[in-house]
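**Student:** Could you put together the complete structure from these sequences and hints?
Going down the list, the protein sequences come from chains A and B.
So the number in my numbering is just where the residue sits in the first sequence, counting from 1, plus 337.
So the number in my numbering is just where the residue sits in the second sequence, counting from 1, plus 39.
Simulated DEER-style distance windows between Cβ atoms:
| id | chain 1 | residue 1 | chain 2 | residue 2 | range |
| --- | --- | --- | --- | --- | --- |
| 1 | B | Val102 | A | Asp422 | 43 to 49 angstroms |
| 2 | A | His479 | B | Lys41 | 26 to 32 angstroms |
| 3 | A | Glu463 | B | Arg42 | 41 to 47 angstroms |
| 4 | B | Arg42 | A | Phe362 | 57 to 63 angstroms |
| 5 | A | Ala480 | B | Leu277 | 23 to 29 angstroms |
| 6 | A | His483 | B | Cys143 | 39 to 45 angstroms |
| 7 | A | His479 | B | Leu139 | 44 to 50 angstroms |
Straight-line C-alpha distance at most 25 angstroms; calculated BS3-like pairs for lysine-lysine:
| id | chain 1 | residue 1 | chain 2 | residue 2 |
| --- | --- | --- | --- | --- |
| 8 | A | Lys453 | B | Lys203 |
| 9 | B | Lys218 | B | Lys203 |
| 10 | B | Lys203 | A | Lys451 |
| 11 | B | Lys203 | B | Lys123 |
| 12 | A | Lys418 | A | Lys453 |
Computed footprint of chain B on chain A, listed as stretches where at least three residues anywhere in the stretch have a Cβ under 8 angstroms from a Cβ of chain B:
| id | segment |
| --- | --- |
| 13 | 419-432 |
| 14 | 443-452 |
| 15 | 480-494 |
To be clear, the hints were calculated from the coordinates, so they are not data collected in a lab.
Cβ coordinates follow ideal geometry from the N, Cα and C atoms, glycine included.
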Amino acid sequence: MTTVLEERLTPLPTKLSVERVSKTFSTSQGRVRALDEVSLQVRGGEFVCLLGPSGCGKTTLLNIIAGLETPDTGEVFADGKRVSDAGSDRMVMFQEPALFPWLDVMGNVLFGLKLKPEMADAERRETAESYLRLVGLERFLHAYIHELSGGMRQRVALARALAPNPQVLLMDEPFGSLDALTRDQLYGDLQAIWQERRRTIVFVTHNAREAACLGDRVAVFSPRPGRVQEDFEIRLPRPRDINSVELAEHATRITRALKSHLKPGLEEVGE
Amino acid sequence: MKRWLSLIVFFGAMLILWEFSVRAGFWSRVLVPPPSAVAEYLFSSVADGTLPEATWITFRRLVLGYAAGFILGLPLGLLIAQFKFFESTLGLVALGLQSLPSICWAPLALLWLGQTESAMFFIVIMGSVWSIALATSSGVRNTPPIYVRAARTMGSRGSHTWLKVILPAALPFIVGGMKQGWAFAWRSLMAAEIYITIITGFGLGHLLHYGRELHAMDAVFGIMIIIILIGLLTDRILFLPMERFIHRRWGTAK
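**Tutor:** Now the structure itself:
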């Protein structure tokens with residue numbers, strides 16, 4: 338608890354700054370305003386969860402921060418520099434592992450490292466191995482992707498995203514398709530890795546409990562048009578157990594807020 | 040070991056059965072020669088060099104024509120996959136020409152290029168290029184977009200993405216197209232060699248043709264066996280390793 342509070346006392350510089358970003362998509366059902374003037378500040382080393390129901394534009398926002406999509410209006414700044422394209426300072430972990438089947442585990446993690454011309458080959462191998470050790474896959478360096486379980490694949494994806502040493506890690510519901518046990522384990526591992534490496538993480542989810550477990554902050558989105566409605570600070574000590582009672586209380590509070598924004602006008606969020 | 044044993048037993052029994060049914064007079068020796076006669080032909084024509092030379096000529100036409108077909112087909116497929124304009128134009132041409140048995144090019148090839156090696160190459164290329172181009176383009180179009188996005192976040196752009204992501208992702212399709220292209224090229228080359236007399240060299244097809252003209256059924260049988268063996272060998276040497284590679288990495292059924 339104390340460490341978390343101490344960190345709060347020292348103001349961290351802004352790492353990511355999303356400024357009045359809007360995005361509209363044309364679909365067969367007409368035009369959908371996915372994001373409506375969304376603004377969000379993320380400090381360096383902060384773990385922020387974007388929480389909202391499916392289709393609320395949170396994935397779109399993540400893609401815009403990644404530079405994979407461009408906003409209609411508004412801007413995103415990473416370290417004060419305007420984001421105009423994808424870059425390895427902002428790595429993405431997708432819902433699916435998106436690993437390359439023609440490469441083994443090591444080859445997948447090396448892919449991003451080989452695109453760093455300043456690194457020597459030996460250094461690349463060392464780095465890849467160290468990250469695979471970090472996610473507990475040191476015994477599977479030369480396994481092929483189809484030989485791994487779903488959880489192991491997401492671990493490889495995590496190692497691949499972390500290895501090029503990004504400033505920001507963007508995670509789009511990466512554990513959504515895993516079974517509950519594997520997921521619980523990965524919550525613990527991800528927190529441990531985050532505490533050790535102190536990367537800035539933006540984590541998209543539709544699960545309030547997951548958001549409360551992982552985030553320092555939880556930004557609650559409402560759909561159509563996508564907006565950040567509320568921002569919760571979660572001041573629980575780490576590592577947090579997803580099944581703990583305190584966490585459940587936070588999750589309930591957040592869920593209540595989430596639901597109130599789903600049916601606007603039915604009830605205002607109290608407290 | 041057990042596999043070899045069953046192979047030897049099976050083919051040994053077949054040969055003995057064949058030999059004895061010919062000797063017993065079930066068929067005329069003129070129509071079906073005994074395996075001993077076929078073996079005799081094979082030995083003598085290998086000894087005097089006609090068979091190795093014909094095999095070499097045919098094989099060279101096939102390999103060179105196929106290599107040219109691959110070198111042309113792959114970039115053609117990439118063009119078709121990448122640009123809408125080429126997809127609706129070249130894509131349609133490729134689809135049409137792929138459905139045309141490439142032996143149908145023989146009359147044109149003869150008129151344009153004469154009774155030369157070039158005519159043979161032309162027919163082999165026409166047999167292989169369209170299959171390879173179409174398979175490459177569908178492989179590229181079936182590459183999951185998420186691969187490209189993931190590569191982009193890691194800093195991959197342009198030709199790097201093509202070489203390191205899109206082409207490898209399309210590999211299972213490309214190998215499928217290569218196999219089909221090979222089969223088309225091989226069949227049309229045989230047809231062309233039987234059908235056209237090429238002054239620049241006698242291939243296996245010509246030998247087969249003259250075997251029939253001379254009623255030398257031992258030669259016809261012997262050459263057919265060589266043609267089958269070439270087909271089997273290419274499959275084992277060229278395609279089996281590629282397919283194994285894909286099975287191992289992609290984890291597809293094996």
